[in-house]
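Count along the sequence shown from 1, then add 8; that gives the number in this note's numbering.
By construction, these hints were calculated from the structure, which means they are not laboratory data.
Heads up, none of these hints are tricks.
Label-pair restraints from in silico Cβ distances:
no.	residue 1	residue 2	range
1	53	317	52 to 60 Å
2	235	293	33 to 41 Å
3	110	198	55 to 63 Å
4	162	202	46 to 54 Å
5	162	205	39 to 47 Å
6	55	270	47 to 55 Å
7	157	113	27 to 35 Å
8	206	293	17 to 25 Å
Cross-link-like lysine-lysine pairs, in silico, DSS-like; alpha carbons within 30 Å at most:
no.	residue 1	residue 2
9	222	317
10	307	270
11	224	209
The structure displayed is predicted, hence computed values, not measured ones.
Glycine included, C-beta positions come from ideal geometry on N, C-alpha and C.
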Amino acid sequence: MKSHLIIISFAFSILALLLLSAFFSGAETALISLNRIRLKNLVNKGSKRAKVVQKLLSNIDDLITAILLGNNFVNTAISVTGTIFFAYLLGPRAGGIVAFIVIGTSLLIFGEITPKLFAAQHAQKVSLAVAIPMRGIVTLFKPVAAFLGGISDMVIRMLGGEPVAKSPLLTEEEIKLMIELGREQGVVGDEERKMLYKIFKFGDTLVEEVMVPKEKMVYVDIDTDIDRLLEVVLRSGYARIPVYDKAAEGIVGIIYIKDLLKAAMDKKNTTIKDLIHMPHFVVKSKRVIDLLRELQNRKGHIAIVTDAKGVPIGIVTLEDLLEEIVGEIE
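Whole structure, please, built from the sequences with the hints as guidance.
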């Protein structure tokens, strides 16, 4: 009776350890391969488990260390337990050989391959299922993870290197690959694809690349009368006209058509100087994405482009910036 209890105890211990090994292997594969966009969507919908997963992935170093420590501990424990179990049944020599074959095969099939394949196919479901227990395991192993991480960084520095900085979850190239996959599957249309690629280019484009150069600008002299100014506005079709002052040798302001029309309706003795607005100047080397933020903050639509010395060389409008993404606006 006693021997039967020992056998049953060992068998249950091995089974429990095998399940733990499968847990760690599946958790690792699911969490690492989880679609971050879908996870973000679940978080926005208020999923508590999704928030736990997001928190775990925000410190991937601690997560991976905890999984590796847990998996190695479990696999070592199952190997030792299995060897003792089969040695008890078959003797030291035969038991050792059988344990090596049976435990090794069981770990490979049920502790590695099967859970990893299942987790890869059901990453979201598995990630949400393991979120709560993994949070506890990461907390448990956090001091050990910090200690091992410190040793790892120290060894890297001793070898003349620098600890690897955390990389973004998605690189620009990976996002572009997702766009291409979306186009192939019919999720992303050709026009959407072009627009998305233009957004990436937008971040690196300089103001001088999209500005209207000075020689092509439509502007008026500061001494131009209102009637002549109205003619220029109607002929050009622009809602904002730069004002040039020969004495100042540069652009000194902007005229808004709404102010001009109001002045014309009031029939007052109004001059350009009464309607002028201070212009927003921007250096040609500024990135267009930074200028877009500036215009949004100022609620502006136009900027005068200058060279490094502050000399006006062109003009750029909010429409010019948007056309870099959506194409020509009629």
